[in-house]
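J.: The lines below spell out each chain.
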Amino acid sequence: MRFFKSKFFIISVTVALVLAIVTSLLSMFGFSGIIRSGLKTIATPFEWCGTTVANAVNGFVEVFAEYDDLKKENEELRARLDEIEDEKHEISVLRDQNDWLKSYLDLKSYIPELTMTDVTVIAREAGNYSTVLTINKGYVHGIRRNMPVVTDRGTFGYVSECGLDWAKVVSIIETASSVSVYTERTGATGVVEGDTALRAKGYCVMTYVSSSADIKVGDRIFTSGNATIYPPGLLIGEIVEISADEATRTLRAVIKPSVDFDRAGDINNLMVITGYANEG
Amino acid sequence: MNSFRPETTRQLLWRRLLVFLPAMFILAVAECSFFAQLYFLPATPDLMLGFVVAVAMLDSQHSAAICGIGAGFIIDAVGATGISFSPLFYMLCGAFCAVLAKKMLPSFLSWLVELAIFSVVKGLYTLAGLYYSWSGAPIGTVLLRTVLPEIICTFVICLPIFFIVKLCMIPIDSKRRLRL
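As you go down the protein sequences, you meet chains A and B in turn.
According to the working numbering, the residues represented by the first sequence are 1 to 280, in order.
According to the working numbering, the residues represented by the second sequence are 1 to 180, in order.
Please keep in mind that the hints were generated in silico from the structure rather than gathered at the bench.
Since we're looking at a predicted model, the values are computed, not measured.
Heads up, some of the hints might be wrong.
[To be verified] Pair ranges (Cβ atoms, derived):
(1) A:F60 to B:P138: 31 to 39 Å
(2) A:E62 to B:L18: 37 to 45 Å
(3) B:K166 to A:F3: 22 to 30 Å
(4) A:T14 to B:V99: 17 to 25 Å
(5) A:R80 to B:Y39: 27 to 35 Å
(6) A:N74 to B:K166: 46 to 54 Å
(7) B:L109 to A:N74: 42 to 50 Å
(8) A:T14 to B:L159: 31 to 39 Å
(9) A:E75 to B:P138: 36 to 44 Å
(10) A:V61 to B:L159: 14 to 22 Å
(11) A:R78 to B:P138: 42 to 50 Å
(12) B:Y39 to A:I34: 29 to 37 Å
(13) B:V99 to A:V61: 37 to 45 Å
(14) A:N74 to B:V99: 53 to 61 Å
[As the list claims (entries may be wrong)] Keeping only pairs whose Cα atoms sit at most 30 Å apart, straight-line, the calculated BS3-like set for lysine-lysine is:
(15) B:K103 to A:K5
(16) A:K168 to A:K102
(17) A:K88 to A:K72
(18) A:K102 to A:K201
(19) A:K5 to B:K102
(20) A:K216 to A:K256
(21) A:K7 to B:K103
(22) A:K201 to A:K256
(23) B:K166 to A:K40
(24) A:K5 to B:K166
(25) A:K7 to B:K166
(26) B:K102 to A:K7
Each residue gets a CB set at the ideal place from its N, CA and C atoms; glycine is no exception.
Could you put the whole structure together from the sequences, leaning on the hints where they help?
T.: Okay, structure coming up:
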């Protein structure tokens, strides 16, 4: 304790106090002593170095400090991205389905009391012209034999065979098919049948047309509803060629169906008409 | 002919100043530029206090008192504005610490105890400074947010300074303590 009473200690306290007061006063009035100013000047480049190193350390530490957060955020974003991709895919499927269903609204607008069931093609008949198709619905889904089948473009054919959960559909260009029709312009009637020679081109033929009937190339053909399978008013196609059948004294017209049977392989979805107003 | 002549007090003092002043300057710069900018530290550690306490532990009362004045002046020059009693504070810290060190062995454990005590003292000095420029913040908040982090940071980060000062003591004949 003798140290605190020593001359050295008293001088030290006095010097420290004077230094503190003088530098404080100088600083308060905006002045800085020569030594202080010099020290600060010398310190500046070192301070710059210190700051640079501190910034580097901060950046380095920040990477590790934020690593877990960034990882978690990345995982969340990935999950969200997957979700969005799924949603996008779902939307795309729904949009296609919507467009497809919308196309049938036209059909329903002029035959209002149609009831339809959408079906998917699950198999095709072996051979080059696969116009006999197997669909994914059958008896348990309300599908019955001889029900008409349509696409958004027009008449496709009819159900020729029906299983529990499958059915076979024969197109109108098959020789086994026969549809009672009329022309839109003049109402001339006839029967559309499959023709072995024309089937290759995806065409069919309209027969039993009276020789006096007014038909011409471009006339649109619709189902008349006279037979038991098809309701009236379903579009079949249009006449592309007319000739006279000398033997029967009737006219014979080549029909280009509205459904492109030449590309029947592209048809994957169909509608089976399960009921209509004038069903007999 | 014997060429050995014992060093005078003045020569010893110059030796110490030559070694301690650059060290204090570097520590002051490190405190104000490096440690003050590390965002992950809750407070800036008082390296000058660590230095003065280490000198007090390893050298004499006189050295500690002179180093205290120098440390206060340098830290004020490098990183303080306005009213500051740093030279007086550090000088008193050095002197008291040296007196306390006389009653302990100059070991690392003693250094830990003294550093802890004077870190708390520095915390109180900061609290006094905050009281002077009181902004109306609750005392609990001030203690938790400013004073306590400063005490902890000073204690933890100043730990290696003991070895730095020991290193500085190599060019000085550490057995011949400065007595004025």
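J.: All hints, please: hold or fail.
T.: Status of each hint after checking the structure:
For A:F60 paired with B:P138, a C-beta distance near 36 Å keeps the hint of 31 to 39 Å intact. At about 40 Å, the beta-carbon gap between A:E62 and B:L18 stays in the expected band of 37 to 45 Å. Checked against the hint of 22 to 30 Å, the pair B:K166 and A:F3 passes, with Cβ atoms roughly 23 Å apart. A hinted range of 17 to 25 Å for the beta carbons of A:T14 and B:V99 is consistent with their spacing of about 19 Å.
A beta carbon spacing of about 30 Å between A:R80 and B:Y39 agrees with the range 27 to 35 Å that was offered as a hint. One distance hint, 46 to 54 Å for the beta-carbon pair A:N74 and B:K166, holds here, with the actual separation near 48 Å. The supplied range of 42 to 50 Å is met by B:L109 and A:N74, whose beta-carbon atoms lie about 48 Å from each other. At roughly 33 Å, the beta carbons of A:T14 and B:L159 sit within the given window of 31 to 39 Å.
The hinted range of 36 to 44 Å is satisfied by A:E75 and B:P138, whose Cβ atoms lie roughly 41 Å apart. Evaluation of the 14 to 22 Å hint for A:V61 and B:L159 yields a pass: the beta carbon distance comes to about 20 Å. A C-beta distance of roughly 45 Å is found between A:R78 and B:P138, which places it inside the suggested range of 42 to 50 Å. For the hinted restraint 29 to 37 Å between B:Y39 and A:I34, the CB-CB distance of approximately 35 Å keeps it satisfied.
Checked against the given bound of 37 to 45 Å, the beta carbons of B:V99 and A:V61, roughly 40 Å apart, stay inside it. The supplied range of 53 to 61 Å is met by A:N74 and B:V99, whose beta-carbon atoms lie about 59 Å from each other. Taken as a hint, the B:K103 and A:K5 pair is honoured in the structure, with Cα atoms around 18 Å apart against an allowance of 30 Å. Simply put, A:K168 and A:K102 have alpha-carbon atoms about 25 Å apart, close enough for the 30 Å limit, and the pair holds.
Straight-line distance between C-alpha atoms of A:K88 and A:K72 comes to about 24 Å, which keeps the hinted pair within the 30 Å bound. With a CA separation close to 29 Å, the supplied pair A:K102 and A:K201 stays within the 30 Å bound. For the proposed pair A:K5 and B:K102, the alpha carbon gap of about 17 Å is at most 30 Å, so the pair holds. For the hint linking A:K216 to A:K256, the alpha-carbon distance of about 13 Å falls within 30 Å, and the restraint holds.
In summary, the hint linking A:K7 to B:K103 is supported, as the alpha carbons are separated by about 22 Å, within the 30 Å threshold. Of the pairs offered as hints, the one joining A:K201 and A:K256 holds, with about 9 Å between alpha carbons and a cut-off of 30 Å not exceeded. Our distance criterion of 30 Å between C-alpha atoms is met by B:K166 and A:K40, whose separation comes to about 27 Å. Using a Cα cut-off of 30 Å, the hinted pair A:K5 and B:K166 holds, with the two alpha carbons roughly 29 Å apart.
For the hint linking A:K7 to B:K166, the alpha-carbon distance of about 28 Å falls within 30 Å, and the restraint holds. With a C-alpha separation of about 20 Å, the suggested pair B:K102 and A:K7 falls inside the 30 Å cut-off, and the hint holds.
Every hint, counting from the list given before, is met by this structure.
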